[in-house]
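Asker: Each chain, letter by letter, is given below.
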Amino acid sequence: MCFQQKMIHSLFLINCSGDIFLEKHWKSVVSQSVCDYFFEAQEKAIDVENVPPVISTPHHYLISIYRDKIFFVSVIQTEVPPLFVIEFLHRVADTFQDYFGECSETAIKDNVVIVYELLEEMLDNGFPLATESNILKELIKPPTILRSVVNSITGSSNVGDTLPTGQLSNIPWRRAGVKYTNNEAYFDVIEEIDAIIDKSGSTVFAEIQGVIDSCIKLSGMPDLSLSFMNPRLLDDVSFHPCIRFKRWESERVLSFIPPDGNFRLISYRVSSQNLVAIPVYVKHMISFKENTSSGRFDVTIGPKQNMGKTVEGVVMTVHMPKAVLNMNLTATQGSYTFDPVTKVLTWDVGKITPQKLPNLKGMVNLQSGAPKPEENPSLNIQFKIQQLAISGLKVNRLDMYGEKYKPFKGVKYITKAGKFQVRT
Amino acid sequence: MTDSKYFTTTKKGEIFELKAELNSDKKEKKKEAVKKVIASMTVGKDVSALFPDVVNCMQTDNLELKKLVYLYLMNYAKSQPDMAIMAVNTFVKDCEDPNPLIRALAVRTMGCIRVDKITEYLCEPLRKCLKDEDPYVRKTAAVCVAKLHDINAQLVEDQGFLDTLKDLISDSNPMVVANAVAALSEIAESHPSSNLLDLNPQSINKLLTALNECTEWGQIFILDCLANYMPKDDREAQSICERVTPRLSHANSAVVLSAVKVLMKFMEMLSKDLDYYGTLLKKLAPPLVTLLSAEPELQYVALRNINLIVQKRPEILKHEMKVFFVKYNDPIYVKLEKLDIMIRLASQANIAQVLAELKEYATEVDVDFVRKAVRAIGRCAIKVEQSAERCVSTLLDLIQTKVNYVVQEAIVVIKDIFRKYPNKYESVIATLCENLDSLDEPEARAAMIWIVGEYAERIDNADELLESFLEGFHDESTQVQLQLLTAIVKLFLKKPTETQELVQQVLSLATQDSDNPDLRDRGYIYWRLLSTDPVAAKEVVLAEKPLISEETDLIEPTLLDELICYIGTLASVYHKPPSAFVEGSRGVLHKGLPPRTGSIEGPESPDTAPSGEPAADQPSVIPTQGDLLGDLLNLDLGPPVTGPPMATSTVPMGAVDLLGGGLDSLIGGSGSFTAAPSSTAPTNVGAPLGSGLGDLFDLTAGVGTLSGSYVAPKTVWLPAMKAKGLEISGTFSRQVGSISMDLVLTNKALQVMSDFAIQFNRNSFGLAPAAPLQVHAPLAPNQSVEISLPLNTVGSVMKMDPLNNLQVAVKNNIDVFYFSTLYPLHILFVEDGKMERQMFLATWKDIPNENETQFQIKDCSLNADAVSSKLQGSNIFTIAKRNVEGQDMLYQSLKLTNGIWVLAELRIQPSNPSFMLSLKCRAPEVSQYIYQAYETILKN
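Protein sequences appear in the order of chains Y and D. In this text, residue positions in the first sequence follow the UniProt record's numbering: the first is 1, and each later residue adds one. In this text, residue positions in the second sequence follow the UniProt record's numbering: the first is 1, and each later residue adds one.
Hints are computed from structural coordinates only; laboratory data are not their basis. Errors might be hidden in some of the hints.
[Claimed, not checked] These stretches of chain Y come out as covered by chain D in the derived footprint (C-beta under 8 Å, 3 or more residues): (1) 22 to 29; (2) 113 to 123; (3) 213 to 227; (4) 230 to 239; (5) 279 to 291.
No residue lacks a Cβ here, since even glycine has one placed at the ideal position from N, Cα and C.
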C-alpha cells in the first residue's frame, strides 16, 4: 500500500507567537512536529513577512501563506502546483473572513466546529469541492448571534440539508430563487497607484492596479451588461468566471449573470507610463552627519496631477535606519509618531490644501558612536482621492435583461495609493 | 455562545466525561459532546479512545451530527481498523439515502477511510454512485475512485472502475468531467504505464468544451491534462492554443499559470513565421505581469516560473523590465527573484535603467539582497559590453563606501569583468589593492589574489602583497590556498629575479606542510614544471584563458525544456525535475517539448540559445537506471515499432549498448527536440532497438518521414577468393543518431558456413560493433544474407592513416579473415551539430587561420537551398545564409561523435558549378575527410 495524497495533506494554523491553534488532516494524521521546519525557517527569516512560502522538509513540503497575523501552513507530500495550494489557502482565509467577519485566531477558535465543517466541504481528497461563498453558505450557514441562540433553544443545526442549487448548474456562482424587495446594483471602481519615485522626483515605475468590486442585490436571474466610455484602457484584465469572455473580446462589453452579494467583477492593470498620473509630489531633505550623531529631516508633500480633486487620507510611513535613536520633529499639519523599537516613523497628514503644504521637519538623533547609516530610507505614501479613477476609466451604462423590475444602479470611483514609494 | 466553550475541561478527566455525554439519551447532549470531541481534534489532542462511542452516534437523521461523526471517522479510522468496520453498515445504508447530499457524503467518507477491509464493502455503493442520477453524487464518486485506487489499485482495475471513470469524461455535466479528469490524472501519474488518459482529438475536444464551463479548480486539472497531450501537427496545436488563451484572463492565478504552461509547450510546434505565433507571444506578457501584483506568496511562485520562461523565450517579457523593479517592502524572497530576472532581461536597450536600480539596491539594508545586487552589476557588465565601463565605475563607487560585504562582493565580480575584458580596466587595480586588508571572505580573498597574480607585472609591490597572504597560509581556506599558489607561480614566471624565494616558500608550504591532496598535487606539478622546463611552465601557467560566457546561471537547455513542461509545479519552484526530489514518485515520466512542425527553420532562435564553450555546450545527461526503466515502460504507450525486422532485432541488446549508443537517442527522444527538427527527423526503420526507444517521440507524434544520412551503395570489401569462398560487401549508414554497418554475406564456397563473429581493430573514432554479428541459420552455398550491424563509438581509439580506415576481422567456422575499409566521415556527424549563430561567429574567429583549409567541389549543379537541405539530411547544418555580390555564402557547422566541431563556409556562384569550401576546425587533420564527405553527399 502506498500513500500518495495529491494536494493538501494537512493544514496547520499558527499564530505569531508560534502556537499551533488548529490542525486539520484530510488523510492520516501528520504529527505537529512537521511544523518545526516551519518554525526554523521563521526564525531564520526574522521578519514574519519574509518566511519563504515553499519549504522542503525530508518527507514533506510546507506551503504557507501569511494572512491577518496567521500562518496557514499546508503539508504536501507529492508534486503539486504550489499556486493551486496558495490560491486555495487564500480562499480559505477569505471564507473565514466572510463567515466570521474577521479572519483572526479568536474568531476561528470561537467557531471551530464550523471551521472544520467548512474545511471538509472545501476540499475532498485534495480536490477543491466548493469554494464559492454562495454555495458554502447554503451548505453551512454562517453563525449569527441570533441563530446560535435559536439553535440552542430549538436544537436546529447550522448545516443545510438540501443540495445547493448553484453547485451543479452552469452558473455555479449564483443560487436560484434570490429575492429582494429593493433591487440594487452597485459598482465601485477602485484604482491603486503603484509607483517608485526616485530621489530627483522622476518616476522610475508606475502602474495602476484597478478593480471593480460589485455589490449586486437583484432578484431572480438578472443578465447584466456593463459598458465603458473608454474600454480601450482595459487591455490587461482578469475576470470573474461569470463574465462572458467572447462578448468582451468582440464588443468590449462586460456581460454576465452576477453572483449574489459582494464580489470582484474584474481586476485590471494600466501600465503605460503616460497614462499613470502621479497625484502627489514629495520634497525631502534627509541627511545624517558622521561626527555629531545627528541628522536632519525635512519633508513636504504637495498635490500634483490630481485632476482638481482633493487628496486626502495622506499618511507617510518611513522605516528609519537602525542607527536612529529618536526623532524630534514638528509637523505643520497632522501628527507624527516614531517607534524607537521598530524605527518606523508615521506621519498622519490628512488632507492636502494647496495653499498651505504640510511639512514635517526637525532633528534625527543617532546612536552615538555608530557609523553613519549608508542607506537612505524610502518614504511610503498613502492617500485617497474620492470620485476619481485616475486612469480615466468611466462606466458608460448598465443594462439588465431577463428580469422585469427596474433596479437601482450606482457607480463610485476612488483612487488610492498602492505601493507608492519615494526614494530619498 | 461560541465554540470556545467546547475547549473547557473539568477536573474529572475529559475523556471520561465525554464518554458519558456521548452515550447520553438526549440528542442535543450527544451533539454537543461530538462537537467537543471535534474541538479537541482541532488542536491535535488524541481522542481516538472515544471511537466506539462516537461511531454509535452515527445512526442519526440529523445531518449535522452525521457530518461531525464522519469528520471524526476520517481522522481515526486508520488507527482503529477493526472498529471502523462497525460503521460499514451505516455507510452502505447511507449510500442508498434519498437525499443526494447524504449519498455523496457517505461515498466520500468511505473512500477516506483507508482500511483494506472497508474497501470491499465500498465497491457496490461506489458503482451505483458513479451512475447516480444526481451529478453531485457522480462527481463525488469520481474522486472516490482515485482514493480507492490509492488504497488498492488492483481492486479498482478488477472492478472496472477505470472504464466507468473514463466514460465520465463524456458526462453531460462539466463538474463531473472536471473531477473525472482530475481523478484520472492522479491515477495516471502514479501509473505512467497505464494508458488511462487516452488523449485523442475527440477527447481533447471534450476537455476543451468542459474547460469553458467548469469551476476554476476543474480548469486547472483540465489544463494540466491538456499539457500532456501531443498535438498531431501545428494546426491542431494552434487551435488548442486559441481555445486556451481566454484562460489567461482568469482571476485565479493557478489557472493562468496552467494555461501558460499549455501555451509555452504547444508554441514549440508553431512556426515562428506564423502571425499567430507573434500574437500569442504578445498575449502571454500581460497575464504574467499581472501575477506580480498578487499576494507575495503567489508572486514568489510566479517569479520562479517567469525565471524559466525568460530563459526559454526572452522576447515575451523583454519590454516589461520595470515591473521587476524591487519595492523596499517586498519580502526578501521576492526581492531576490526579481533581481535575478532583471539581469536576465538586461540588454543594451534598458541597461541604464537597470544599473540605476541596482545601484539603489546596493545601499539597502538587507545584506543578502545587497550582495546579490552588487553581483548583478558585475553580471550586467559581462552581459552588455556597452555598459561595462559604467558598471565598473559603479562598482568603484560602491567600493568607496567601504561597507565590508559590499567591497568583497565587488572585488569578486570585478575579477570576472577582468576575465571578460582583459587589459581594459586594469587602472582600477590600485583602488582594489587599497582594500586588501578588509577582505575576510575566502571568495573575495581568492579573487583579489587572482587579480594580483594575473596582473603581477603591473603591480609594483605584487610580491609584497602576495607575501602578506602567505603568512597565514595554513589558516586560509583551500580555495585561497590554491589561488595563492597559482598567483605566486605566475608572479615568478613574470618577475623571476626578485621572487625566487617566495615561490620556493609557497611550493614547500603546499607540498610539504599541507594535508590537502589537491593542493599538494598542484604544488608538485608546478614544481616539476618549473624545474624541468620553464618555457613549458610559462605556456601552461600563463596560457591565454578562454573568455567567460556572457550568461551565467543559465539552466542547461534540456533541463530547461523539461522544466517548461512542469510550469506551475513544485519542480518549477525548485528548478529541478520532479524525479530529482519528489519522494515516492513512481516511475516519473520524463516530459519533453514537442518538436516544431511545419517549419524548416531551426528550433532555437540565436538570441535564446546560451553560449558557452563548444565542448561544454554539449549537454551530457546520463539518465539513471530508474529513468531508463521508466522510459522502457513507456514503450507500450506508442504504436508498435514498425519497419522491416532486422537480423539483430530478435536478440536482446547487450546492456552496454543500452547505456552507450542507445542512450544518446533516448535523450534525444525525451528532452532535446532541439536536436531534431521534424523536417529532418528520420524514422527508426532499420534502426536498432536502442534508438527505437528514442524514436517513440516521433512515432507517437505521428511524424514519420523517411530520411537519414546519405548511404553509399554497397561495395565489395572482401572478395570470395581471398576468404575461402566468403564474400562480404557492405556500406555504412547513420539513422537517428545510430550508426550501422550494413553487410551482405555471400557464401560462394561449397560448404555451409556458420558461427560468424566480427571484430574491429582500434580506430580513429572508436567505432565498435554494438552487438554481436547475428547470422541465424547457417549460410548454405550460394546463399546470401543481409545484416545490419549496429555500431557505437565507445571502442578504443587509435589514430589511423588514413584517418577513416577501419580494419575488420570476420570469423566463421572455416577461418578468420581480415580486411580493411574506409568509412565515410558523415556517419559520425551527430544530430546536435547545429551551432548557435553567435557561437559560430565567436568560434570562427577563435580558430586560428592556419587551421583553415580550402577545397573545391566541382561539377555540382545544385542551388544553395538544395545544397543546404541535402547536407542537413546528413547532419551538416546551415546556420546562416548570405548573399554577397551574387554569390550565396552558406555558413555551416557539424559535430563529430567525439565532440570535434567543424565550421564551414560554402561559396556558391549561380553560374559556376564549382563550389568553394573553407573548413575551420581545431583538429585540421579531419578537414580533408570532411571535404570528401561533402563531395559524396552532394554528388549523390
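Asker: Hint by hint, say whether it matches the structure.
Answerer: We went through each hint and held it up to the structure:
no., hint, result
1, 22 to 29, "holds (count 8)"
2, 113 to 123, "holds (count 6)"
3, 213 to 227, "violated (count 0)"
4, 230 to 239, "holds (count 5)"
5, 279 to 291, "violated (count 0)"
Figure legend: structure checked against the earlier numbered hints; hints not met, in rising order: 3 and 5.
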